[in-house]
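**Student:** Residues per chain are reported as follows:
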Amino acid sequence: MSGVREVEAVFREERGRLLAALVRRFGDLDLAEEVTSDAIEAALRHWPVEGVPPKPGAWLMTTARRKAVDRLRRDQAFAARLAILQVEAERAAPAPPADAEGGELPDERLQLFFTCAHPALPAEDRGALTLRCLAGLTTPEVARAYLVPVQTMAKRIVRAKKKIREARIPFRVPGADELPERLPGVLQVIYSIFTEGYAASSGPDLQRLDLAEEAIRLARILRRLLPAEREVAGLLALMLLVHARRDARTGPDGEPVLLDEQDRGRWDRDLIEEGSALVVTALSGGPPGVYGVQAAIAALHDEAADLATTDWPQVVALYDVLLALDPSPVVALNRAAAVAMRDGPETGLALLDELAGEPRLRGYHPYLVARADLLHRLGRLPEAAAAYRAALEVAGSEPERAHLRRRLASVEET
Amino acid sequence: MMLINAATTDEQDDPCTVEDWMAYDKAVREAGIWVSGESLADLVTATTVQVDRDGRRTVTDGPYAETREVLGGFYVIDVPDLDVALDWAARCPGARGGGSVVVRPVADFSA
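So the protein lines, in turn, are chains A and B. The opening residue of the first sequence carries number 1 in the working numbering; numbering runs sequentially from there. The opening residue of the second sequence carries number 1 in the working numbering; numbering runs sequentially from there.
Read the hints as simulated data drawn from the structure, not as lab findings. There's no promise every hint is true.
To be verified - Facing chain B, a subset of chain A residues (Cβ under 8 Å, in silico): (1) 120; (2) 123; (3) 166; (4) 167; (5) 168; (6) 169.
Said to hold, decoys possible - Over 12 Å on every C-beta distance to chain A, these chain B residues come out as not near it, computed from the model: (7) 21; (8) 41; (9) 87; (10) 108.
Positions of the beta carbon are idealized from the N, C-alpha and C atoms, including for glycine.
Same shape as in the complex, but just chain B (with noise of 0.2 Å):
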């Protein structure tokens, strides 16, 4: 799984458009190597709920912007190893500009 963390928009110095978002989801489709994926709506319409050790719900209007980093989206794909993940990592528009890709196994419970 590759989640897209996206750069404070003051940090874009090599802005990706679009069509780099279009010709790059493309890519992955056309490579055969595409198995879920979603952009995620803007930030401020996000919320996360925490619950402690009493059970107690704290719902609040987060991810923060001091972390700076938010999830813009994330992609699944299936390739045999981390080096060809790594690869598309780099290729994806979201990794440019500020931003990241943060690359992680999708838990395998079969075995």
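Chain A extracted, bound-state conformation (with noise of 0.2 Å):
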């Protein structure tokens, strides 16, 4: 069984791939879909019997395009749209053969991430379709991934690819003109997926390590396409170093472990130190964008010994440099508990009472354990036991959730 496993493992990055060939080439997602996963099938079938091609890539690539004109003929309604296609396809640029002989494929994921990500498309749609056509996931993965069930699932990628048939989703990476727009799109799709993966909403579990390493995977892939985009190396270098604290974030029985209590030994060295480095990337030969700003924050925490080292003036300034790009309440709630470090927590109590008026942190859960963070550092016990029951009325993950529950009984018993 293992030996199937090696070989889905090697078709999931080969899927991308070659369904962003098969879509540039035919338009259509439904069809590409469908022949990538014939040709997989044909490969899966041939290969153990007769050894793996040379060109495994080109392979496929011939495989399903064999497929692919097989249904057309079948099919003519198809086959009046292809021509249409392909005379427009001509007209606007000349493809490249997608399967010339001796040369590698060319990688055409990027116009899929932009199609995937477009903004005409229901946003809660972008990552389901990003981890489908991207990273490869199967309906019932993507279903597990964002825990609906698997037919609801099913309807919104049909929803979301029926979208970009009829409203004409363009498959095309978006002029230089253009990036700017829409690029961080793309960006906040694998983020979001990170995030999901990061701290769930909802479920039994405080991380699914599975969505978060997609997530990583899809921006691997982003900044090989695009490497000269400073974000895309920050978004990269900020899930890197986050992700490096997975085995220390969790306690014995899966509870969290806050920064302070965390064993900093347990932290992954390794993607600590490629984070770094990708973070002076981001931060070099121009103004800083929001991710990789985070990303050296996030760097700052990893490469200090404990919390009481950490230099807390640099993070309070990155900081700074955020709240200008992004005047969120949500980043002048992380300065705020970033100040209360540097300053004590009463400076930083009183930072978050001037945005207790603000509607987006209304009932925001950090927000409220912040708050009762910062009261029960001052002592004031009860107003501190008063904040983290607020806390625990707002839904977190179940392990989060009984966190709370024993910080309130150590409130109330002191």
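Taking the hints as your guide, dock the two standalone chains into a single complex.
**Tutor:** What follows is the structure, given as structure tokens:
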């Protein structure tokens, strides 16, 4: 069985590349998906018997293309559409032959990234489609990732593909002038997959490591495709530096372990090194972006020996930069927490109370927890208890709630 | 098809002039993408008809002002994909000053 698994892991990587090339060629996501699966099935039948061909990618492409032509011949309506699509494609730009003899397959996954993250698609469908088309997850796997029934996810994916087809969302990389407007959407999709993995919004587990790792894998692909975009480097750096702490973030019972109590010996040094190097790339040669700055903050945490020797003035300074780029109450909240570390809990609490009127923070779990913790540190125990109770009223993952209940109990005892 | 939804008058902080519309109309025609289009008469002339399950007609003087956005006109243009259509919609004066332009493909029954 493990042999099949290994082969499947290889195909997961090949699948996105093949799919993107076929979508570009035939302009139809459904057809491309069907023949991609057909080609991989054929490979699973033939390769164990005949051996893996010298150019596996080209073999898969040729097989998939033949299957597509077969299907199109059977389907006259499709054939008519294909003719129109090809005329349009030739008029727009002559496509390079996807399977030119001897050459490597061109990587057309970038187009697919921008299609899956197109602003005309509902935000909730973008992540699902990206996991399906680019990470190569099956529909049941995507459904599990978002904790929804398979039927629901299947309907959402069908709906999204229908919108792409009928609204004619193009398969293309936006031009240089549009990139600053469109790239953040792609990065947002990847980061939202990661954050769902980092702190599950509900369910039995605090972290969903599979999701976090898929997001990192997607960011690595994107970085290879857009090596000059510093925010892509910034996003990858941020995720690596946060993911480096994964093993220390949960205790033996799956409960969250806060930064000051984490065993820093269990942080992943290789990821920290890789992430820190990427931060330098992300912040060099131009004005910083939001992901680069957040990655720099994460790097300061990861490189410190403990909470006390963390360079808090530098962290606060970076939050000031971030707040200028993204003046959101959530950034202001995190800045206040850093100020509390630099200047003491009283100053931090004053900043938090200034934010109390923000509609986006009302009922926002991390805000309520941060406030409770600062009251706790100031020894204002009855107020801290009330604040923990308020935080518990807002749903979180089960381990997080258990952790809060323990903190509440410790405040009530003393 | 680009459906132009006008904003309620009090929200127009960036009012578009007749000249803006004329310039836009000229641009659409000169780009060779114009198929058809109409500007609709004033909202007070609108009438809504609904037929219920028993086949009874209900005629009202809608669309109601409460829906805030009312159809002001439309363009049908011929462009290759959604991104190009959105570029043209963004240039439309009706998209400014609290108005919006809805882009929808025309259904293709030929396939």
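**Student:** Look at each hint and say if it fits the structure.
**Tutor:** Going through the hints against the structure:
Evaluation of the residue 120 of chain A hint against chain B yields a held restraint, the C-beta minimum of about 6 Å falling below 8 Å. The interface hint given for residue 123 of chain A is violated, since its Cβ lies 17 Å from the closest Cβ of chain B, which is over the 8 Å cut-off. Against a cut-off of 8 Å between C-beta atoms, the interface hint on residue 166 of chain A holds, since the closest Cβ of chain B lies about 6 Å away. The beta carbon of residue 167 of chain A is positioned within 8 Å of a beta carbon in chain B (closest approach about 5 Å), and the interface hint is therefore held.
For residue 168 of chain A, the shortest C-beta to C-beta distance to chain B is roughly 4 Å, which falls under 8 Å, so the interface hint holds. Among the interface hints, the one on residue 169 of chain A holds; its C-beta lies about 5 Å from the nearest C-beta in chain B, closer than the 8 Å criterion. No Cβ of chain A comes within 12 Å of the Cβ of residue 21 of chain B; the nearest lies about 25 Å off, and the non-interface call holds. For residue 41 of chain B, the condition that its CB be more than 12 Å from all CB atoms of chain A holds, with the nearest at approximately 29 Å.
Once the 12 Å rule is applied to beta carbons, residue 87 of chain B is inconsistent with being away from chain A; the minimum gap is 9 Å. At roughly 9 Å, the least C-beta separation between residue 108 of chain B and chain A is not larger than 12 Å, which violates its mark as non-interface.
Hints 2, 9, 10, counting from the list given before, are not met by this structure.
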